[in-house]
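If you're matching them up, the sequences are chains A and B in order.
Quick note on numbering: the first sequence equals residues -7 to 153 in this note's numbering.
Quick note on numbering: the second sequence equals residues 30 to 655 in this note's numbering.
Rather than coming from a laboratory, the hints here were simulated on the basis of the structure.
Misleading hints may appear alongside valid ones.
Said to hold, decoys possible - Here are the in silico distance ranges between beta carbons for each label pair: (1) Gly109(A) <-> Glu465(B): 30 to 38 Å; (2) Lys15(A) <-> Asp544(B): 14 to 22 Å; (3) Thr59(A) <-> Val99(B): 45 to 53 Å; (4) Lys2(A) <-> Ser56(B): 53 to 61 Å; (5) Glu45(A) <-> Trp372(B): 46 to 54 Å; (6) Phe649(B) <-> Thr59(A): 47 to 55 Å; (7) Thr209(B) <-> Lys2(A): 53 to 61 Å; (8) Lys133(A) <-> Gly536(B): 36 to 44 Å; (9) Phe644(B) <-> Lys15(A): 24 to 32 Å; (10) Met46(A) <-> Glu396(B): 30 to 38 Å; (11) Asp544(B) <-> Asn103(A): 32 to 40 Å; (12) Asn103(A) <-> Lys545(B): 27 to 35 Å; (13) Thr209(B) <-> Lys68(A): 51 to 59 Å.
Cβ coordinates follow ideal geometry from the N, Cα and C atoms, glycine included.
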Amino acid sequence: MSVTSVEEIKFSDELISFIGNWKNQPGNLIMILHKVQEEFSYIPRAAAKKVSEMLNVPMSKIYGVLTFYHYFKLEKPGKHNIQVCMGTACYLKGGEDLIDELENILGIGVNQVTDDGKFSIEAVRCVGCCGLAPVVVIGGKVFGKLTKKKLPEVLENYKDK
Amino acid sequence: MEILKMSKLNRKELISLREKIKKEFSSKAENGDTKIIIGVGTCGVAAGARETESAFIDELKLQNISNTTVISETGCMGLCHVEPTIEVMVPGMPPVIYGNVDEKTAREIVKSHILEKTVVDKNVFDKPAADIVYEDGSVSDYKQYRIVLRNCGIIDPEKIDEYIARDGYMALEKAVFEMTGDEIINEMKISELRGRGGAGFPTWMKWNFTKQVKEESKYIVCNADEGDPGAYMDRSTLEGDPHSILEAMTIAGYSINSKKGYIYIRAEYPLAIERLKIAMKQSRELGLLGDNILGSNFSFDIEIRLGAGAFVCGEETALLESIEGERGMPNPRPPFPAVKGVWGEPTIINNVETWASIPVIINKGGEWFSNIGTEDTKGTKVFALTGKVKNSGLVEVPMGTTLREIIYDIGGGIPNGKEFKAVQTGGPSGGVITKEYLDTPIDYKSLQELGSIMGSGGMIVLDEDDCMVDVSKFYLGFTIDESCGKCSPCRVGGRALFNILEKITSGNGVIEDLDKLRNIGATMQKASLCGLGQTSPNPILSTLKYFEEEYVAHILDKKCVAKKCKALITFEVIPEACTGCTLCALKCPVKTISGARKEVHFINQDACIKCGECFDVCNFDAILIK
């Protein structure tokens, strides 16, 4: 008798065909997990389970890979995940102040999500825009040369989205 | 472009295609068309290059000159501090590079520069670099030479014909039809090119070792896992000139008879990945990648593998694990990847910058390349110049250029009238270099002698406001987070070092801690399994060497001279300057500032969280940080 309580999860046709294409290629796990995260914005447990069945790879191995790499998320991020760059240039130019201020404004800590599910804060490694330091990335859009004062204005654009 | 019929070319067809494109481009220039080139690297786009582009399109339409003006896109021009950057070429006028081009300036440029032939002075910036060193090796007025970045900021990275027009795939053609594998390796040997990923191992030796091993399948890997926080040379190269990497890897494939290459690239670089994919598709269509390249018997293809945010995967044995879909844990060497690499087969691994130099070496010859640089290190190096410097950006200089030339002549010195303190090279694996060594000519050897390393090319300028203990703690915080945990010197040692730094910056350090830092650091250097652990104490050891007095001040005087370590500073009101405007009291998040209107205010130190809000909001400079 099965005691798994993991809910069924539906993969899009695109994802299923992507996994089909990669299934027999060696070293496919990270590439497939990237695609899963692209679809769900994180790796839900049920999705990991489904990948495990499709590839015939144990869950323990998938968990090992997921937790090794910072890029993979096990928790659902906010609708707008605010990535604050903590590369060296951004750190020196006040990246930490930006995190403090975001925590103040949103009332959540790093790696937490607001109650309405709208925002989450993430501290990330260099996004490679050091010339614009300090930077924050929201949904792929980079905001450069930010200051504490400019943050509310930036967030305003996302409040009703 | 329609002349590209997108079918596979043989050698002859490539040569005639190149001539045809070159002719077409030069006739366009003679035709009198105006050209606007917009930098659309990640930094450019972030600074608003797309909006600028739309403004140009719109204004050209309004002025009714859109049919005589060509807008094209290019990668990073290197002027990151004044993005968006554009270049305007009007017939009969010298080309002009503009920086800080927002929508308004874009419209101004159309009206003034293009229509009235008057340059918009306030936004003009110097051309950052000579394209490439002159044929005879002579020196131009520019401090910068562009070999690696030769096409960045010039060609449209999404158009293969622009790459071909600038002698793209000429080196591949030469290699496949005129050279043997050994001849190619010999040319690399003459060039004395050393790996630009950080360690500086002679590239030809890696290739030669791999070639010597008797195995059927061999692999070529491009390490594009640029993890040093504060470095983006590889991202810019890939975004601005993806074909140069494909061409170089294919040449290496030919030289050792490999059929397959992998580009291992950070998932955090979506634009670079996209441009690589486009480039790979184009070169496959033209028969420059895939089966029977240029009609020869040689076949080679490349696949992209994504990293997932693990700094340690820049270490080659960890990178191999990651390509294979595993946790990126390093392995002891030997065996080196040249013997046992991807899937246990012999593998050449080089980093992006190394690859980008190779087509030029094949085209111009190893000797030409070896004429540039110093006795110890040949060629050029790309640095991401950032931190407390006026003109932050990408610079490419010949080896032997001094730090002073880079920071002051190219970088414009320190902004806001602050004092230069040190420059950090090599990121979390490197160290600091102080004022007295600014005139050191840069190469692998000289930086190492100073206790730092070349690293991959991050160069971060620190000023008087930066605390050396805090900077060391920042780097160490990074490396302990990125330590894979496989070997204990790195896993345990790193944490122990971090705890000591934490103790010192919070005012609880004792003088014996300094010896502990040195001892643990030295052990980690010797006993760690891979480069990450071996080099992670470097930022501490080098700051201890040059700035020991700062550590001592933290410990004995409980003072942070840079006023960065919060536990060691206090905020106080200067009674003479305070006007009693109450602003600080209103803004204080913990309401620990008291005082009536028009009376001197007072900060209650017990409750102060040292957020600095009072300092930021005071209009009368009446808050003192002690």
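Status of the hints after comparison with the structure:
Between Gly109(A) and Glu465(B) the beta carbon distance is about 55 Å. The supplied range of 30 to 38 Å is therefore violated. For Lys15(A) and Asp544(B), the hinted distance range of 14 to 22 Å is not satisfied, since their beta carbons lie about 56 Å from each other. The beta-carbon spacing between Thr59(A) and Val99(B), approximately 50 Å, falls within the hinted interval of 45 to 53 Å. Taking 53 to 61 Å as the suggested C-beta distance range, the pair Lys2(A) and Ser56(B) conforms, at roughly 56 Å.
Distance hint check: the CB atoms of Glu45(A) and Trp372(B) are about 25 Å apart, inconsistent with the given range 46 to 54 Å. For the pair Phe649(B) and Thr59(A), the beta carbons lie near 52 Å from each other, so the given range of 47 to 55 Å is met. Range check, Thr209(B) to Lys2(A): about 55 Å between beta-carbon atoms, so the 53 to 61 Å window is met. The hinted range of 36 to 44 Å is satisfied by Lys133(A) and Gly536(B), whose Cβ atoms lie roughly 40 Å apart.
Separation of Phe644(B) from Lys15(A) is about 59 Å and departs from the stated range, judged on CB atoms against 24 to 32 Å. Taking the beta carbon of each, Met46(A) and Glu396(B) are about 55 Å apart, not inside 30 to 38 Å as hinted. At about 37 Å, the CB distance of Asp544(B) to Asn103(A) agrees with the hint of 32 to 40 Å. A hinted range of 27 to 35 Å holds for the C-beta pair Asn103(A) and Lys545(B), which are about 32 Å apart.
Taking the beta carbon of each, Thr209(B) and Lys68(A) are about 56 Å apart, inside 51 to 59 Å as hinted.
Hints 1, 2, 5, 9, 10, counting from the list given before, are not met by this structure.
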